[in-house]
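Add chain B to chain A, keeping to what the hints say.
Residue numbers (our numbering), protein chains in the order written: chain A, 1 to 480; chain B, 1 to 256.
These are calculated hints, taken from the structure and not from any lab test. One or more hints might be untrue.
Claimed, not checked - Computed, partial: chain A to chain B, Cβ under 10 Å:
| id | residue |
| --- | --- |
| 1 | Ser-426 |
| 2 | Glu-427 |
| 3 | Asp-428 |
| 4 | Tyr-432 |
| 5 | Leu-433 |
| 6 | Gln-434 |
| 7 | Ser-435 |
| 8 | Arg-436 |
| 9 | Glu-439 |
| 10 | Ala-442 |
| 11 | Gly-450 |
| 12 | Cys-452 |
| 13 | Arg-453 |
| 14 | Phe-456 |
Built from N, CA and C at the ideal position, the CB exists for glycine as well.
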Amino acid sequence: MSSAAAVEALNKTPYRYGFVTNIETEKISKGLDESVVRLISSKKQEPDFMRQFRLKAYAQWQTMAEPDWAALRYPAIDYQDIVYYSAPRQKEQKASLEEVDPALLETFDKLGIPLSEQKRLSNVAVDAVFDSVSIATTYKQKLAEHGVVFCSMGEAIKDHPELVERYLGSVVPIGDNFFAALNSAVFSDGSFVYIPKGVQCPMELSTYFRINSDDAGQFERTLIIAEERASVSYLEGCTAPMFDTNQLHAAVVELVALDDASIKYSTVQNWYAGDENGKGGIYNFVTKRGLCKGRRSRISWTQVETGSAITWKYPGCVLRGRDSVGEFYSVALTNHHQQADTGAKMVHIGPGSRSTVISKGISSGHSANSYRGLVHMGPQARGARNFSQCDSMLIGDQAAANTHPYIQSRQPEATVEHEASTCNISEDQLFYLQSRGIEPEAAVSMLVSGFCRDVFNQLPMEFAAEADKLLALKLEGSVG
Amino acid sequence: MLLSIENLHACVEENEILRGVSLQIRAGEIHALMGRNGSGKSTLSKVIAGHPAYTVTAGGIHYRGQDLLALSPEDRARSGVFLGFQYPVEIPGVSNLEFLRVSCNARRQRRGQEELDTFAFEDHVRETMAIVQMDPAFLERSVNEGFSGGEKKRNEILQMALLEPLVAILDETDSGLDIDALRIVANGVRRLALPTTATLLITHYQRLLDAITPDFVHVMAEGRILRTGDKDLAMALEQRGYDWIDETNGSDTRQP
Numbered sequence: 001m002s003s004a005a006a007v008e009a010l011n012k013t014p015y016r017y018g019f020v021t022n023i024e025t026e027k028i029s030k031g032l033d034e035s036v037v038r039l040i041s042s043k044k045q046e047p048d049f050m051r052q053f054r055l056k057a058y059a060q061w062q063t064m065a066e067p068d069w070a071a072l073r074y075p076a077i078d079y080q081d082i083v084y085y086s087a088p089r090q091k092e093q094k095a096s097l098e099e100v101d102p103a104l105l106e107t108f109d110k111l112g113i114p115l116s117e118q119k120r121l122s123n124v125a126v127d128a129v130f131d132s133v134s135i136a137t138t139y140k141q142k143l144a145e146h147g148v149v150f151c152s153m154g155e156a157i158k159d160h161p162e163l164v165e166r167y168l169g170s171v172v173p174i175g176d177n178f179f180a181a182l183n184s185a186v187f188s189d190g191s192f193v194y195i196p197k198g199v200q201c202p203m204e205l206s207t208y209f210r211i212n213s214d215d216a217g218q219f220e221r222t223l224i225i226a227e228e229r230a231s232v233s234y235l236e237g238c239t240a241p242m243f244d245t246n247q248l249h250a251a252v253v254e255l256v257a258l259d260d261a262s263i264k265y266s267t268v269q270n271w272y273a274g275d276e277n278g279k280g281g282i283y284n285f286v287t288k289r290g291l292c293k294g295r296r297s298r299i300s301w302t303q304v305e306t307g308s309a310i311t312w313k314y315p316g317c318v319l320r321g322r323d324s325v326g327e328f329y330s331v332a333l334t335n336h337h338q339q340a341d342t343g344a345k346m347v348h349i350g351p352g353s354r355s356t357v358i359s360k361g362i363s364s365g366h367s368a369n370s371y372r373g374l375v376h377m378g379p380q381a382r383g384a385r386n387f388s389q390c391d392s393m394l395i396g397d398q399a400a401a402n403t404h405p406y407i408q409s410r411q412p413e414a415t416v417e418h419e420a421s422t423c424n425i426s427e428d429q430l431f432y433l434q435s436r437g438i439e440p441e442a443a444v445s446m447l448v449s450g451f452c453r454d455v456f457n458q459l460p461m462e463f464a465a466e467a468d469k470l471l472a473l474k475l476e477g478s479v480g
Numbered sequence: 001m002l003l004s005i006e007n008l009h010a011c012v013e014e015n016e017i018l019r020g021v022s023l024q025i026r027a028g029e030i031h032a033l034m035g036r037n038g039s040g041k042s043t044l045s046k047v048i049a050g051h052p053a054y055t056v057t058a059g060g061i062h063y064r065g066q067d068l069l070a071l072s073p074e075d076r077a078r079s080g081v082f083l084g085f086q087y088p089v090e091i092p093g094v095s096n097l098e099f100l101r102v103s104c105n106a107r108r109q110r111r112g113q114e115e116l117d118t119f120a121f122e123d124h125v126r127e128t129m130a131i132v133q134m135d136p137a138f139l140e141r142s143v144n145e146g147f148s149g150g151e152k153k154r155n156e157i158l159q160m161a162l163l164e165p166l167v168a169i170l171d172e173t174d175s176g177l178d179i180d181a182l183r184i185v186a187n188g189v190r191r192l193a194l195p196t197t198a199t200l201l202i203t204h205y206q207r208l209l210d211a212i213t214p215d216f217v218h219v220m221a222e223g224r225i226l227r228t229g230d231k232d233l234a235m236a237l238e239q240r241g242y243d244w245i246d247e248t249n250g251s252d253t254r255q256p
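Next comes chain B alone, as it looks inside the complex:
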């Protein structure tokens, strides 16, 4: 078991957002997590990555048998947990190249690989950029500053490719992308999915799942996973909407 989430409860300030999430993810699997806005999908991803604004009040997360919640965010990243952000932040004045190098070396060091100097890293990153068809000119720019939505998302996939995570969580990486950008991102994700790694795709749309076939589809509502199925569940959702899930599960989870 790569990632095991058991009865996870979490709140931000006084509001409970996660109300007992359980999810098991094995190596080689691709999971899709769907659900309305506000159902807790992004919160789940941030709690896994260790965002300080969220407090876990019950339950836990184990990563390769280890208590993940005991680790700092940077330790989680170094040991192979990756979160692709829905809204990557801009960092003015910090060159993308330098940021990627420091980040990549932090992960390499943990894996016992030698750190790459500026020149070696630049070769490495240029090769990797081809996966997401990104122009090397983006290396010279400040991290995400002035990037379009699609460029920011590609930069996230580039980071994922450089960090070679064991568990990659992509939070609405497909939102706001045009068809071409979506294909590039989906190709990147597919190429990086290995028998030793697992992917959790948070998405609203079937179109990403047309390009990447998930092994499991989960539907979240009100801070819990209400339904789990295979790719057909996503298809059914696409056709019938979330109301259908609400109806088949009783009306208590329905939102106004």
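One chain only, chain A, in its complex shape:
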């Protein structure tokens, strides 16, 4: 069997999370103007500073144009054809899980994220977000004993307004880019994490994002703050139903690490990617940025990206603190007609700051996968170092891979290294494995996971095996 035929068969598994939950939702009508922004803010009973934040963002957004520099092709998005507020109808502020609609609990059960007391994932606290609204957060009590705050963004605005006001928009300013401005104006909910001074968060924190609606845009906002010497590991998971239409997802994630703090942010993204002809799927336009504000602070992004019809995403670290460390480990797999334009931004400001970028792109089917990354060395970044490695693997002969590294240095004593490689799954590797009794599909996923090993090694233990399985599943049908 040839590798092309092998790849063909790997691509045929149905998406397991494609179901829709029937639940009553509260929706406003389609379209966006200033009154919609005010309505969202008032529905959420927000304080004045939040309303002003949103209105300012909306005003900025109106002056901005959708970016067109990415290597992505998609029909124009009609921003007036999107619903900007949709929430499952349930009692206000659920004090306990018993008050959460059973249909929602069942949904998360089906997704493998049990929320109920008895079945919870051990040692992982979960914030479950359904159509951009947080419906439950587990282990809140236990975390509170350590002073850790883990709640929905909506609750944080009510209960910790001073923290939100201080940090929201401090890493990704409201006018940062078109999609960030849109998110700042209309974001519905998301997760909030605060780790006090000197606290090592006692368990993994996780947010699970579920899109359910076919016409509502998804705008979550995540903010994680780690005070001095604090540390936390956080994981984000995402799925969506299968629709013929495309759904817009424009999230913003901001991380702030103070002196000696460390934040590890991992993503296993499995939104619906559209069918094999490219119909349907999520448009994922996401801004993720971490600020290494303090000395020796460390922020690490690890991502496994397998879903979305379109991915536009450049997680970054602003390394302001002296000797701070930024890391980016990424596996982006595209199949069928998926398009991904993704990479890392490392902005070195502080002296002695270091960053590492390891990116593995795998393109199969008719997909296109571009790495686009920025390394910037500012004038103060004496002795700063970056190492970037971008490897692409092509499966079959219809897929495309590109690498666009942008390197800017204003500091002669800073070091930037960039390595890039492209490989195919070679017929000889495939044959070697087959001649040892291994079936072509298993052989291809073995080769792909070997290719991604450096990145999988960075994922939290509980999720590394899952990522491996997810990749195998996504590749099924690409071998025949």
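Just chain B now, kept in the frame of chain A:
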């Protein structure tokens, strides 16, 4: 009859490489296949194992009475045909242990044996590694990545020992080995040769055949087996070179 090759013709792209190979191999036999580079020895081994780059245009191969060419490469391996590669490929990021376990279990499943979990397999593989005097540290490394030539060859013999094939074809497993490594490999091959199995050694050198005495020696040229004899044929070749075969068979098979 374990393996029966009849008038086998095969080509890669448009070039015919095998031009009517016939070879019969019975259980308990050791065969040596010799010949110049380019005579078709490696091609024969790859066609037996099912490499997709080669097309069989005439003739056939029967394995235990079954049409071998109808089977996929992985099926051939599972049913007991093993090819030890001349140039084993490197597979970055895939641990040798995991690769060996998946491979061994695929064969075990076919033979109706229970599959071994990670722990049981690790015990099993450590014992087996002693046969080829391989350091267990190689289990943690990526398959063949950064292995020396000799280490790669030992890894091949380790795979052979784990898969317990009925027909083992070793393609120049002795090439590039120093004397010690050669002895280790030869010992491994000898220990694994049983009355129920057969071995086909593809080699250029008498020194491997000093350690493993073949029952038959075949000399290949221009895609055919020109001469078959016993171990004395290999000795004669060592002394007189391939030209001698060419002369005794007429000059049409001579290469520039």
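Tested hints:
Checking Ser-426 (chain A) against chain B: minimum C-beta separation of about 7 Å stays under 10 Å; hint holds. With a least beta-carbon distance of about 7 Å to chain B, the hint placing Glu-427 (chain A) at the interface is held under the 10 Å criterion. Contact between Asp-428 (chain A) and chain B, as hinted, is supported at the beta carbon level, the nearest pair being about 5 Å apart and thus within 10 Å. Given hint, Tyr-432 (chain A) at the interface with chain B, holds; its Cβ is 5 Å from that chain's nearest Cβ, closer than 10 Å.
The beta carbon of Leu-433 (chain A) is positioned within 10 Å of a beta carbon in chain B (closest approach about 8 Å), and the interface hint is therefore held. With a least beta-carbon distance of about 4 Å to chain B, the hint placing Gln-434 (chain A) at the interface is held under the 10 Å criterion. For the restraint placing Ser-435 (chain A) at the interface with chain B, the shortest Cβ-Cβ distance is roughly 5 Å, inside the 10 Å limit, so the hint holds. For Arg-436 (chain A), the interface hint holds, the least distance from its beta-carbon to any beta-carbon of chain B being 4 Å, beneath 10 Å.
For Glu-439 (chain A), the interface hint holds, since its Cβ comes within 10 Å of a Cβ in chain B; the closest pair sits about 5 Å apart. Hint status for Ala-442 (chain A) relative to chain B: holds, with the closest Cβ pair at about 7 Å, below 10 Å. Taking 10 Å as the C-beta cut-off, the interface hint given for Gly-450 (chain A) holds, the closest approach to chain B being about 3 Å. Annotation: Cys-452 (chain A) was flagged as interfacial toward chain B, and the flag holds, the nearest CB pair being 7 Å apart, inside 10 Å.
Contact between Arg-453 (chain A) and chain B, as hinted, is supported at the beta carbon level, the nearest pair being about 3 Å apart and thus within 10 Å. Restraint check, Phe-456 (chain A) versus chain B: the minimum CB separation of about 9 Å is within 10 Å; hint holds.
In this structure, none of the earlier numbered hints is contradicted; all agree with it.
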